[in-house]
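First to last, the protein sequences are chains A and B. With this note's numbering, the residue at position 227 of the first sequence is 227, and numbering never jumps. With this note's numbering, the residue at position 144 of the second sequence is 1144, and numbering never jumps.
Take the hints with a grain of salt, since some may be wrong.
[What the hints assert, rightly or not] Pulled a few chain B residues facing chain A out of the computed Cβ check, cut under 10 Å:
no.	residue
1	Glu1088
2	Gly1089
3	Leu1091
4	His1170
5	Ser1171
6	Gln1198
7	Glu1214
8	Ala1240
9	Val1261
10	Thr1324
11	Asp1326
12	Ala1329
13	Asp1333
14	Gly1335
[What the hints assert, rightly or not] In silico DSS-like pairs for lysine-lysine, Cα to Cα no more than 25 Å straight-line:
no.	chain 1	residue 1	chain 2	residue 2
15	B	Lys1185	B	Lys1158
16	B	Lys1194	A	Lys147
17	A	Lys147	B	Lys1158
18	B	Lys1054	B	Lys1082
19	B	Lys1190	B	Lys1158
20	B	Lys1339	B	Lys1158
21	A	Lys147	B	Lys1185
22	B	Lys1158	B	Lys1194
For the record, the hints were derived by calculation from the structure and aren't laboratory data. Idealized CB from N, CA, C, for every residue including glycine.
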Amino acid sequence: MAAGWRAAVDTRLAVMLLILALVWVGLDLLTGGRFLSARNLFNLSLQVTVTGIMATGMVLVIVARQIDLSVGSVMGFMGVAGALVQTDFLPVDGPHTWWIALAAMLAGGAALGALQGALVAYAAIPAFVVTLGGLLFFRNAAYFINKGETIAPLDSTFQLMGGGLRGAIGTTASWTLCALACAAVLASVLMSRSRQERFGVRPRPIAIDAVLTAAAMAAIVAFVAVMNAYKQPGTDIGMGIPVPVLILIGVVIGMSILARRTAFGRHVFAYGGNPEAARLAGIDVRWLILKIFALMGLLTGLAAVVISARLNAGASATGTMAELNVIAAAVIGGTSLAGGVGRIVGAVLGALFMQSLESGMILLGISSPLQKMVLAGVLILAVWADHRARKAGAP
Amino acid sequence: MRVSMSTTALCSAALAVAALAGGLSPFALPGAAWAQEAPRICVSWRHFQEERWKIDEAGMRSVLDPAGATYVSADAQSDPQKQLADIEGLLTGGCSAIIILAQDSQAVLPGLQAAVAQGVPVIAYDAPIDSADALFVSFDNVAVGRLMAEAMVAAAPKGNWALIEGDAAHSIVNIFREGQMQVLKPLIDKGDIKIVAQQNIQNWTPDLAQQAVEQILTKENNAIDAVLAMNDGMSTGSAAALAAQNLLGSVALSGQDGDRVVLNRIAKGQQTVTIWKNASTLGAAAAQAALSLAAGQPVEGAGTFTTGSGAQQPSLLLEPVAVTRDNLAVVVDAGWIPKAELCAGVTGSVPAACQ
C-alpha cells in the first residue's frame, strides 16, 4: 500500500503543497486571521494570475535549456499596444473592440516571441542575449510608442478579463463549473482505471484512487466556496470565480495537456533531456525552439491582456522586472535550469507561493526592501531543497 | 515623478572637477564679447525627439524672441559624447549663455569647464550638473511633496492614510517625503492623521502599486481615507484597486506628473490632485535667467542648492502647480490637454473647467 501511494502521488508536488499550507497557516496566525479570509484569498488568486500564466510557458522554455528574459518587457509593450488598439483604432466600448484587442495582443505577443525564437534557433544567438536585448528593446518601445503616456480607461468589456468589480462570473455559474469539474475528475479516474484493465495493467488499489479523487474534489469545492464567500463590496452578492482566474485555470489545463500528451510536449522534454539525441532522433530542433518561444510570447500576450484589463490602463512601466518573478516561479516549482525537468502545475504553485509571501508581508506592513530580501532567501532555499531532494533520489 | 530610462550617476570624481573649476565663477563675468550685440542663447538638449522638450523649447522662445535674442540649439540624441561635442560647437559659434540639459551629470563636466573658461555662464536645466559653477534651474521637489500633502489634507483632514511611495532605491523619494511631512507631521502628532500603511513600490510600477493597495485595503478592512501616491503611474494602480472595492472617488488620491488620464480622473471626481510641472514655465524661467546672466545681472529669486557631491550651487527652483478639481482650467489654458480629453466621460457634477 505504501508503495502504491508513492507511485500515485508526485512527492515533490505533495511537499510543495504541504509547505504552502504551512506558510498560509503561519501568515494567517501572524495577520490575526486576515490572510485566510475569503477576501484575501480572492485577492491572492487574482494577483497570481499574471505570473502564473507566464510561468507555465517559462517551464517549457527552461526545460528546453533556454531562457526568456524579455517577458516582462513584452508584456508591458503589448499592454500599451493593446490599449492603443482600443482607444486609437477602435471605438472604446464598441461591440467588437474587446475581442479584436484580445486577438491583436495574443497575435502580437506570439509574433514577438516567434521573432526572438527565430533569432535563437536559426541565427544561433544565445537565448540569454536575444531576450536580454528583447528586455531592453521592448521596455523602451513601450515608452516610445506612446511617449510614456498612460492610456486609460479601457473598453469596459475588455476590463472584465482583469477581474474587478464586475469581472467575476457569480455564484451560480461558479457552482455549475464546480459540478462539471468534479464530474470531469471522476470521469477521468474511472476512464483511466478501465483503460488500465483493458490493457491488462493492474489498476491502483481502489482505496488510493478514492482518496485522491475525494481530495481533488474537496479542493475544487473549497476553492469555489471561498470565491463565492467573498461578497461584492457593500452588498450580499457573492463574487464567484474571477474571469482572469478562469483564464489561468484554462491555461494550466491546456499547457499540462500540451506538455504531457502531445508530440510537441514530448519533443520539448526530449530535447531538454538530451539535445543531441533529440536531433539524431529526427526532431526538427530549430523549429521546435522557435515554437517554444512563440508559445511563450502568446502566453505573454495573454498576461498583457489580464494585467492591462486589471489595471484598466496601458502603462509603459507595467510588468517591470516581472521576468524575474516568472523565472523564479518556474524554478521554485521544480523546473531545473539544467533543462529536461519541469512541471506546469509546479510553476503555478511556485508563483502562488511567492505571491502568498509577498501579499502576506504587505498585510503585515513589512517594508518593501525587506520583502524582497525574504523572497530572495526563499528562492535560494527552495532551489537548494529541491536539489537535495533530487540527489537523495526522490522521485 | 516620471521615471526616466536613463540613469544619472554621481561620482566622487565630480568633486575634484568641481573643486578645480570652482575658482572661476561665471556669474561675475558678463558675456563680454556679445554684450553689445543681440544675445545668443545656446541650448544643448540631451534628447530632443522626446515630445516633452518641445514644450520647454516653446517656453524658452516665448521669452527669447520678444527680447530679440538669438536661439541656437543642438541635440545630443542621448549620447554624452555627442553632447560634449555639441557644447564645444555651440561655444565656438559664440554663446552669451548656455543652457545644458545634461544627459549625464558627470560626463558633461568638461563641457561646463570649457564654457567657464570662456566666461560663458552655464545653466543646468532640469537635470543637475554636479558643479558649483552652474545655475540649476528646475522645479522644487520638496514643494512637490508639500503641495501634494496640502491638497490631500484639504480633502481628507482626518483619518487613516496609506503612503504609496516610489522605489526605495531612488533618493528623490526622500525629497518628496520631506515635503509631504512638512505638512503631515504636525497632523500626525496631533492624532488627526494616522499612517496605517507605507509601501515603497519597486520601479514605481503601477501593477505593483495596485497589489499593494489591494493588500492595504484588505488589512484595514477598507477603513482608508487617503492614498498618498507619489506619482501618477502608481495613482493609476491605486485607482484600479480602489475601483474594485467601489471606493474610487470616496478615498482621497494623489499623484504627480499631470498625466492626461489622471487629469481626466480628477475631472470625473475620482482623484484629488496631481502635481504638475509646467515645462513651458520652466523653459521661460531658464531663458529669463540666461538673459540676465548674459547681461551680467544677478538672477532674480535665485537661492542655493546642494548638489549630490555637496557643492553649493546657485539655483532657481520653481514651485510646481497642484492641479485639483478647482483649477483644472490651468492645464487646458496651457495647452497641456485638450478640453475634450480632459472632460471625456464626465457625468454628474461637472467641474468648472468642463462647463
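Going down the list of hints, with the structure as the test:
{"no.": "1", "hint": "Glu1088", "verdict": "violated, 29 Å"}
{"no.": "2", "hint": "Gly1089", "verdict": "violated, 28 Å"}
{"no.": "3", "hint": "Leu1091", "verdict": "violated, 31 Å"}
{"no.": "4", "hint": "His1170", "verdict": "violated, 12 Å"}
{"no.": "5", "hint": "Ser1171", "verdict": "violated, 14 Å"}
{"no.": "6", "hint": "Gln1198", "verdict": "holds, 7 Å"}
{"no.": "7", "hint": "Glu1214", "verdict": "holds, 5 Å"}
{"no.": "8", "hint": "Ala1240", "verdict": "holds, 5 Å"}
{"no.": "9", "hint": "Val1261", "verdict": "holds, 4 Å"}
{"no.": "10", "hint": "Thr1324", "verdict": "violated, 19 Å"}
{"no.": "11", "hint": "Asp1326", "verdict": "violated, 23 Å"}
{"no.": "12", "hint": "Ala1329", "verdict": "violated, 21 Å"}
{"no.": "13", "hint": "Asp1333", "verdict": "violated, 20 Å"}
{"no.": "14", "hint": "Gly1335", "verdict": "violated, 15 Å"}
{"no.": "15", "hint": "B:Lys1185 x B:Lys1158", "verdict": "holds, 13 Å"}
{"no.": "16", "hint": "B:Lys1194 x A:Lys147", "verdict": "violated, 38 Å"}
{"no.": "17", "hint": "A:Lys147 x B:Lys1158", "verdict": "violated, 38 Å"}
{"no.": "18", "hint": "B:Lys1054 x B:Lys1082", "verdict": "holds, 20 Å"}
{"no.": "19", "hint": "B:Lys1190 x B:Lys1158", "verdict": "holds, 10 Å"}
{"no.": "20", "hint": "B:Lys1339 x B:Lys1158", "verdict": "violated, 33 Å"}
{"no.": "21", "hint": "A:Lys147 x B:Lys1185", "verdict": "violated, 37 Å"}
{"no.": "22", "hint": "B:Lys1158 x B:Lys1194", "verdict": "holds, 8 Å"}
When held up to the earlier numbered hints, the structure conflicts with 1, 2, 3, 4, 5, 10, 11, 12, 13, 14, 16, 17, 20, 21 and fits the remainder.
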